[in-house]
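**Student:** Work the whole structure out from these sequences, hints included.
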Amino acid sequence: MENFLIISCLILLSVYDVKERRIPNSLVVSIYLLGLIGLCRGRVSGVESFAGLFVLPLIILVLLKITKYKIGMGDVKLISAIGFCLGFWNQVLAVFVGLFICIVYLFGRFINNKGQK
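The working numbering numbers the first residue of the sequence shown as 1 and each following residue consecutively.
You may find that some hints are simply not true.
What the hints assert, rightly or not - Lysine-lysine pairs mimicking DSSO-like chemistry, simulated, CA-CA at most 30 Å apart: (1) K70 with K19; (2) K65 with K19; (3) K68 with K114; (4) K77 with K65; (5) K114 with K77; (6) K68 with K19; (7) K114 with K19; (8) K77 with K19.
As the list claims (entries may be wrong) - Between beta-carbon pairs, the in silico distance windows are: (9) C40 with F107: 35 to 45 Å; (10) V95 with L12: 13 to 23 Å; (11) I66 with R41: 33 to 43 Å; (12) L106 with C40: 14 to 24 Å; (13) E20 with L106: 15 to 25 Å; (14) R22 with E2: 18 to 28 Å.
The set of hints was computed from the structure by calculation and includes no laboratory data. Cβ atoms here follow ideal geometry from the backbone N, Cα and C, with glycine treated the same way.
**Tutor:** Written out as structure tokens, the structure is:
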């Protein structure tokens, strides 16, 4: 049931982010609460959960400070919430899967735009 609720929140977040270009805190807090329920039920260990909560988001924040790339703070909060739910290593896997999907999408757009010129 928790997985269904987390996925539902992520779908709502995706739709909202595409339309409004921001991520509502209420949905991010919902994901944190679902992660807390999972932690209490033993679905993920406390160490993994808290590592996911802090490690990758802090790395992203440091990279943002030393580079010119832009990512919204809502995205960082979302990555933190996902890490809290999944644990650190599953969070890293989720981020890489998301990046791979993004690269495939952008490659498809590039090919499509190249054919139109």
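**Student:** Now, for every hint given, state plainly whether the structure supports it.
**Tutor:** Tested hints:
1. Only pairs whose Cα atoms come within 30 Å are accepted, and K70 paired with K19 is accepted, the gap being roughly 18 Å.
2. Restraint check for K65 and K19: satisfied, since their Cα atoms lie roughly 27 Å apart, inside the 30 Å limit.
3. Of the supplied pair hints, the one linking K68 and K114 holds, its CA atoms being roughly 27 Å apart against a limit of 30 Å.
4. This hinted pair checks out: K77 and K65 have alpha carbons roughly 16 Å apart, not beyond 30 Å.
5. Distance restraint check for K114 and K77: the Cα-Cα separation of roughly 35 Å exceeds the 30 Å cut-off, and the hinted pair is therefore not satisfied.
6. A hinted pair counts as satisfied when its Cα atoms are at most 30 Å apart, and K68 with K19 qualifies at roughly 25 Å.
7. This hinted pair checks out: K114 and K19 have alpha carbons roughly 26 Å apart, not beyond 30 Å.
8. Taking the CA atoms of K77 and K19, the gap is near 19 Å; set against the 30 Å cutoff, the hint holds.
9. Checking the proposed 35 to 45 Å range against C40 and F107 shows it holds: the Cβ atoms sit about 42 Å from each other.
10. Taking 13 to 23 Å as the suggested C-beta distance range, the pair V95 and L12 conforms, at roughly 20 Å.
11. Here the CB-CB span from I66 to R41 is close to 39 Å, well matched to the stated 33 to 43 Å.
12. Separated by about 39 Å at the C-beta atoms, L106 and C40 break the suggested range of 14 to 24 Å.
13. Range check, E20 to L106: Cβ separation about 22 Å, and the 15 to 25 Å hint holds.
14. Checked against the hint of 18 to 28 Å, the C-beta distance between R22 and E2 comes to roughly 25 Å, which is consistent with it.
In this structure, the earlier hints numbered 5 and 12 are contradicted, and the remaining ones agree with it.
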